[in-house]
Amino acid sequence: MKRILVVDDEIHICELYRSELEDEGYAVACANSGVQALDEIERDPPDLIVLDIQMPGMDGVEILERILGRDKGIPVILNTAYSHYRNDFATWGADAYVVKSSDTSKLKAEVKRLLGE
Amino acid sequence: MTYQNYMKNTLCILMAGGKGERLYPLTKDRAKPSVRFGGIYRIVDFTLSNCLNSGIRKIYVLTQYRSVSLDRHIRMGWNMFNRELDEFIECIPPQQRNVDRWYRGTADSIYQNIHILQRERPARILVLSGDHVYRMNYNDMLAFHMEREADLTVGGVEIDRSLASAFGVIGCDGEYRITSWEEKPKDPKSVPGKPDKSFVSMGVYIFDTKALVKNVIDDAKDPASDHDFGKNVVPRMIEKHRVFVHTFRDATDPDGQYWRDIGTLDAYWEANMDLVSLEPQFNLYDPRWPIRTYQEQVPPAKTTVAIDSRGDEQGVGMVLNSILSGGCVISGGKVVRSVLSHNVRVDSFSVVEDSVLLERVRVGPHARIRKAVIDQDVTVPEGFTVGYDRDQDKRRFTISPGGVAIVPRGIILEQS
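Protein chains in written order, with numbering that gives the first Met the number 0: chain A, 0 to 116; chain B, 0 to 415.
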């Protein structure tokens with residue numbers, strides 16, 4: 000079973016994605032901060048990461064750069080309510096960019112695409 | 000807007016992070032761009048002078064290994080840009096912002112500095128190397144790049160096809176769009192309309208910024224890549240982007256194509272010797288394209304007749320077909336076809352031929368030096384020889400494949 004790590008400081012978003020993605024047949028882990036996410040990636044590398052950008056402490060852009068710096072080849076979907084982040088070159092290392100919405104169909108489609116399903 | 004104005008807004012990234020292993024021992028204590036060349040210059044001065052003369056005013060120098068001397072040189076010699084006019088030259092050592100490693104290659108050095116591109120957001124980026132000697136007006140290449148609406152333009156120098164197998168060879172169509180890129184091919188492709196010539200990459204690139212960012216990120220994520228522009232990024236871009244080659248011409252001589260990679264000890268020695276030949280291919284003396292450097296305050300060079308305590312002449316100081324930097328004193332010695340950096344002293348009855356002597360080298364009386372590079376601060380004792388006894392030289396010094404003896408900095412020479 001493919002494993003997805005959802006990184007978001009808002010617990011209800013994590014829970015929403017967990018339930019939606021588990022329904023699709025994935026195993027889902029959640030991290031609520033950058034430190035937690037990087038620990039999790041080191042401890043048990045997931046097959047894909049869904050990453051929020053605006054978080055207290057380490058933001059998603061920095062987490063993304065650190066993930067890429069570890070050369071694990073894990074695809075990352077940036078997931079945020081704000082589209083202006085796309086202008087930041089540092090976000091261009093993400094494999095997909097999905098605007099946050101209660102409709103998770105776009106997210107699920109990108110997850111499927113990136114996991115080659 | 001003129002191309003000059005476009006150039007003013009183009010960001011230049013000068014890559015100066017290589018180890019320069021093939022120039023060892025000259026690179027033992029300094030990065031390759033900081034190696035002295037032509038008496039008073041350092042190799043990086045030629046590229047930086049091209050930038051200055053082309054109107055470029057925003058330069059980041061990416062340093063890495065042994066950068067103290069380079070950093071100091073740029074601070075003291077090139078600190079002439081005005082921040083208030085949005086001009087700058089800054090040395091940036093690896094920041095290791097989000098990685099725990101040094102630069103894996105030229106493309107990785109850009110990747111690791113994407114945040115500086117984000118800060119400037121220029122439309123185009125000129126990527127240069129600090130290892131080459133040539134005089135080039137980058138505006139010509141920028142005009143070509145913009146006319147072609149290119150994503151990437153690579154500077155190409157035409158060399159004899161018979162010599163091209165040692166280089167990265169660019170193949171292109173009649174519009175100069177690059178169609179192939181081969182490293183050291185057995186059968187190099189020729190320049191359109193010139194069957195005897197091949198295009199070799201000069202390590203000069205103009206990128207559309209977005210294309211550069213996208214491609215260095217893709218490259219960073221590719222575990223099979225060596226993260227090198229020439230080897231990996233450019234060949235891959237040919238397939239999906241508009242990539243062109245621009246024919247290099249000397250900045251003030253439309254027939255000139257002098258470009259040298261000072262990559263080896265022999266290339267270093269030969270390029271220095273070219274400067275003291277009767278008709279040098281590279282012109283240091285053209286006021287239309289001045290080469291800038293940093294020079295410390297030294298007295299003028301002079302030649303003297305050496306006189307002993309009894310008042311007898313001990314030899315006439317003589318300099319023929321040579322470059323003599325400030326502060327040199329040729330006191331009764333003879334210097335022929337050689338390049339002397341500042342404050343070199345050559346004593347009576349000594350002979351220096353076909354050699355490069357870096358700053359503060361002291362050649363004692365009756366010493367003889369031939370076909371050598373002597374690094375800074377070395378004292379050659381009375382009667383000592385370099386370049387005359389091959390076996391003896393081999394035991395003491397690095398000898399290049401072309402037979403040049405390299406006398407390293409810090410060595411204590413004693414007669415055996």
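It is worth saying that the hints were derived from the structure and are not from the lab. Virtual Cβ for every residue (Gly too), placed ideally from N, Cα, C. A portion of the hints provided could be inaccurate.
To be verified - List time: in silico DSS-like cross-link candidates among lysine-lysine, alpha-carbon distance up to 30 Å:
no.	chain 1	residue 1	chain 2	residue 2
1	B	Lys239	B	Lys193
2	B	Lys209	A	Lys107
3	A	Lys1	A	Lys111
4	B	Lys18	B	Lys183
5	B	Lys239	B	Lys220
6	B	Lys213	A	Lys107
7	A	Lys71	B	Lys220
8	B	Lys213	A	Lys105
9	B	Lys220	B	Lys193
10	A	Lys1	A	Lys107
11	B	Lys27	A	Lys99
12	B	Lys213	A	Lys71
13	B	Lys213	A	Lys1
Stated by the list, open to error - From the structure, some residues in chain A lie toward chain B, with a derived Cβ separation under 8 Å:
no.	residue
14	Arg17
15	Met57
16	Glu61
17	Glu64
18	Gly68
19	Gly72
20	Asp87
21	Phe88
22	Ala89
23	Trp91
24	Gly92
Now for the hints, and whether the structure bears them out:
{"no.": "1", "hint": "Lys239/B - Lys193/B", "verdict": "holds (27 Å)"}
{"no.": "2", "hint": "Lys209/B - Lys107/A", "verdict": "holds (28 Å)"}
{"no.": "3", "hint": "Lys1/A - Lys111/A", "verdict": "holds (10 Å)"}
{"no.": "4", "hint": "Lys18/B - Lys183/B", "verdict": "holds (22 Å)"}
{"no.": "5", "hint": "Lys239/B - Lys220/B", "verdict": "holds (18 Å)"}
{"no.": "6", "hint": "Lys213/B - Lys107/A", "verdict": "holds (25 Å)"}
{"no.": "7", "hint": "Lys71/A - Lys220/B", "verdict": "holds (9 Å)"}
{"no.": "8", "hint": "Lys213/B - Lys105/A", "verdict": "holds (23 Å)"}
{"no.": "9", "hint": "Lys220/B - Lys193/B", "verdict": "violated (39 Å)"}
{"no.": "10", "hint": "Lys1/A - Lys107/A", "verdict": "holds (13 Å)"}
{"no.": "11", "hint": "Lys27/B - Lys99/A", "verdict": "violated (54 Å)"}
{"no.": "12", "hint": "Lys213/B - Lys71/A", "verdict": "holds (19 Å)"}
{"no.": "13", "hint": "Lys213/B - Lys1/A", "verdict": "holds (28 Å)"}
{"no.": "14", "hint": "Arg17", "verdict": "violated (27 Å)"}
{"no.": "15", "hint": "Met57", "verdict": "violated (10 Å)"}
{"no.": "16", "hint": "Glu61", "verdict": "holds (7 Å)"}
{"no.": "17", "hint": "Glu64", "verdict": "holds (4 Å)"}
{"no.": "18", "hint": "Gly68", "verdict": "holds (4 Å)"}
{"no.": "19", "hint": "Gly72", "verdict": "holds (7 Å)"}
{"no.": "20", "hint": "Asp87", "verdict": "holds (6 Å)"}
{"no.": "21", "hint": "Phe88", "verdict": "holds (5 Å)"}
{"no.": "22", "hint": "Ala89", "verdict": "holds (6 Å)"}
{"no.": "23", "hint": "Trp91", "verdict": "holds (5 Å)"}
{"no.": "24", "hint": "Gly92", "verdict": "holds (5 Å)"}
Comparing the model with each earlier hint shows violations of hints 9, 11, 14 and 15; every other hint is respected.
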